[in-house]
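K.L.:
Make a model of the complete structure from these sequences and hints.
Taken in sequence, the protein lines are chains A and B. Per our numbering, the very first residue in the first sequence carries number 1; after that it's consecutive. Per our numbering, the very first residue in the second sequence carries number 1; after that it's consecutive.
Be careful, since some hints might not be right.
Here's a subset of chain B near chain A, in silico, CB distances under 10 Å, partners left out [said to hold, decoys possible]: (1) Phe27; (2) Val37; (3) Gln39; (4) Glu46; (5) Ser50; (6) Tyr59; (7) Tyr95; (8) Asp99; (9) Arg100; (10) Val101; (11) Ala102; (12) Gly105; (13) Gly106; (14) Phe108; (15) Pro110; (16) Gly112.
Restricting the straight-line Cα-Cα distance to at most 25 Å, the calculated cross-link-like pairs of lysine to aspartate or glutamate (DMTMM-like) are [said to hold, decoys possible]: (17) Lys43/B / Glu89/B; (18) Lys43/B / Glu105/A; (19) Lys39/A / Asp109/B; (20) Lys107/A / Glu46/B; (21) Lys39/A / Glu1/B; (22) Lys103/A / Glu89/B; (23) Lys39/A / Asp73/B; (24) Lys42/A / Glu46/B; (25) Lys45/A / Glu2/B; (26) Lys45/A / Asp109/B; (27) Lys65/B / Glu105/A.
Just the calculated beta-carbon pair ranges, DEER-fashion [as the list claims (entries may be wrong)]: (28) Gly42/B / Thr69/A: 26 to 36 Å; (29) Val58/A / Asn84/B: 21 to 31 Å; (30) Asn53/A / Gly44/B: 21 to 31 Å; (31) Asn31/B / Asn53/A: 16 to 26 Å.
Keep in mind the hints are simulated off the structure, nothing from the lab. Backbone N, C-alpha and C define an ideal beta-carbon position, used for all residues, glycine too.
As a plain string of letters, each chain reads:
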Amino acid sequence: DIQMTQSPSSLSASVGDRVTITCRASQTITSYLNWYQQKPGKAPKLLIYTASNLQSGVPSRFSGSGSETDFTLTISSLQPEDFATYYCQQTYSTPRTFGQGTKVEIK
Amino acid sequence: EEQLLESGGGLVQPGGYLRISCAASGFTFNNYAMTWVRQAPGKGLEWVSSISGSTISTYYADSVKGRFTISRDNSKNTLYLQMNSLRGEDTAIYYCAKDRVAGTGGWFDPWGQGTLVTVSS
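P.N.:
Following this line, the structure appears as structure tokens:
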């Protein structure tokens with residue numbers, strides 16, 4: 001199975017900060033990497049698909065990059081509604097594993 | 001608007017069974033793969049199973065293989081998950097999601113609101 005490791009597991013940031021979350025795969029997944037946002041008590045929401053494609057309706061302050069084994073989600077200017085948990089996920093092979101999540105909290 | 005609505009969750013004893021459903025609307029159901037993802041209380045997301053639009057291909061996590069069966073009725077725009085031999089570790093919110101493709105590639109969007117399955121005596 002492909003293991004997905006996110007870092008950090010949590011972070012504290014202020015509104016307006018630039019935030020970067022990394023995701024590393026245990027083997028190459030080419031660009032089959034997606035990012036999701038989950039707020040408490042809500043279903044996850046797709047932000048980025050195939051590493052760098054912004055899902056329709058998602059603000060442009062979110063961006064994704066990377067390939068093979070190393071990927072990054074960047075929030076260019078953190079907004080109050082962005083405080084949530086973020087998950088990466090590979091769909092290169094089954095099982096289609098998720099990272100453990102990164103909780104973004106208010107500083 | 002694309003929508004998914006899960007139902008059928010509840011309390012079941014260890015060793016018991018349950019079938020949960022996911023009603024889809026707002027898109028051509030049989031053109032898309034579908035997926036179940038679960039989330040244990042306070043934990044992260046775990047992919048459970050996926051099925052192709054034609055139902056030819058199904059995929060399962062090792063943790064549920066042989067116990068859970070994914071299926072779909074394209075005439076009713078409904079996805080199912082039959083869960084047998086349930087264990088305490090199956091306790092979770094179960095989400096269904098529209099999937100771009102069941103195998104390599106794909107992404108999950110949108111997701112339903114989830115249905116809670118609790119396995120306890």
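K.L.:
Now look at each hint and say whether the structure bears it out.
P.N.:
Hints and how they fare:
A hinted interface residue such as Phe27/B counts as satisfied when its beta carbon comes closer than 10 Å to some beta carbon of chain A; here the least separation is about 14 Å, so the hint is violated. Here the hint on Val37/B is kept, as its CB sits about 8 Å from the closest CB of chain A, short of 10 Å. Below 10 Å, beta-carbon pairs count as interface contacts, and Gln39/B has one with chain A at about 9 Å; its hint therefore holds. Because the smallest distance between the Cβ of Glu46/B and any Cβ of chain A comes to about 7 Å, under 10 Å, the interface hint for this residue holds.
Against a cut-off of 10 Å between C-beta atoms, the interface hint on Ser50/B holds, since the closest Cβ of chain A lies about 7 Å away. Contact between Tyr59/B and chain A, as hinted, is supported at the beta carbon level, the nearest pair being about 5 Å apart and thus within 10 Å. About 6 Å separates the beta-carbon of Tyr95/B from the nearest beta-carbon of chain A, less than 10 Å, and the hint is met. Hint status for Asp99/B relative to chain A: holds, with the closest Cβ pair at about 9 Å, below 10 Å.
Look at Arg100/B: its Cβ gets to within about 8 Å of chain A, closer than 10 Å, so that hint holds up. About 8 Å separates the beta-carbon of Val101/B from the nearest beta-carbon of chain A, less than 10 Å, and the hint is met. With a least beta-carbon distance of about 9 Å to chain A, the hint placing Ala102/B at the interface is held under the 10 Å criterion. With a least beta-carbon distance of about 6 Å to chain A, the hint placing Gly105/B at the interface is held under the 10 Å criterion.
Nearest Cβ of chain A to the Cβ of Gly106/B: about 5 Å, under the 10 Å cut. The hint holds. Of the supplied interface hints, the one on Phe108/B holds, with its beta-carbon coming within about 6 Å of a beta-carbon of chain A, less than 10 Å. Checking Pro110/B against chain A: minimum C-beta separation of about 8 Å stays under 10 Å; hint holds. The beta carbon of Gly112/B comes within 6 Å of a beta carbon in chain A, closer than 10 Å, and the hint placing it at the interface holds.
A hinted pair counts as satisfied when its Cα atoms are at most 25 Å apart, and Lys43/B with Glu89/B qualifies at roughly 12 Å. For a cut-off of 25 Å, the pair hint linking Lys43/B to Glu105/A stands: about 17 Å separates their Cα positions. For the hint pairing Lys39/A with Asp109/B, the CA-to-CA distance comes to about 16 Å; that is within 25 Å, so the pair holds. Proximity of Lys107/A to Glu46/B is assessed by CA-CA distance (about 29 Å); at most 25 Å being required, the pair is judged violated.
Among the hinted pairs, Lys39/A with Glu1/B is consistent with the structure: their alpha-carbon atoms are about 21 Å apart, no more than 25 Å. Straight-line distance between C-alpha atoms of Lys103/A and Glu89/B comes to about 23 Å, which keeps the hinted pair within the 25 Å bound. Among the hinted pairs, Lys39/A with Asp73/B is inconsistent with the structure: their alpha-carbon atoms are about 31 Å apart, more than 25 Å. A distance of roughly 16 Å separates the Cα atoms of Lys42/A and Glu46/B; the hinted pair therefore holds under the 25 Å criterion.
With a C-alpha separation of about 13 Å, the suggested pairing of Lys45/A with Glu2/B holds against the 25 Å cut-off. For the suggested pair Lys45/A and Asp109/B, the alpha carbons sit about 7 Å apart, so the restraint of at most 25 Å is met. Annotation: proposed proximity of Lys65/B to Glu105/A is violated, straight-line Cα distance about 36 Å (limit 25 Å). Distance hint for Gly42/B and Thr69/A: a CB-CB separation of about 29 Å, consistent with the stated range 26 to 36 Å.
Range check, Val58/A to Asn84/B: about 38 Å between beta-carbon atoms, so the 21 to 31 Å window is missed. Taking the beta carbon of each, Asn53/A and Gly44/B are about 23 Å apart, inside 21 to 31 Å as hinted. For the pair Asn31/B and Asn53/A, the supplied restraint of 16 to 26 Å holds, since their beta-carbon distance comes to about 20 Å.
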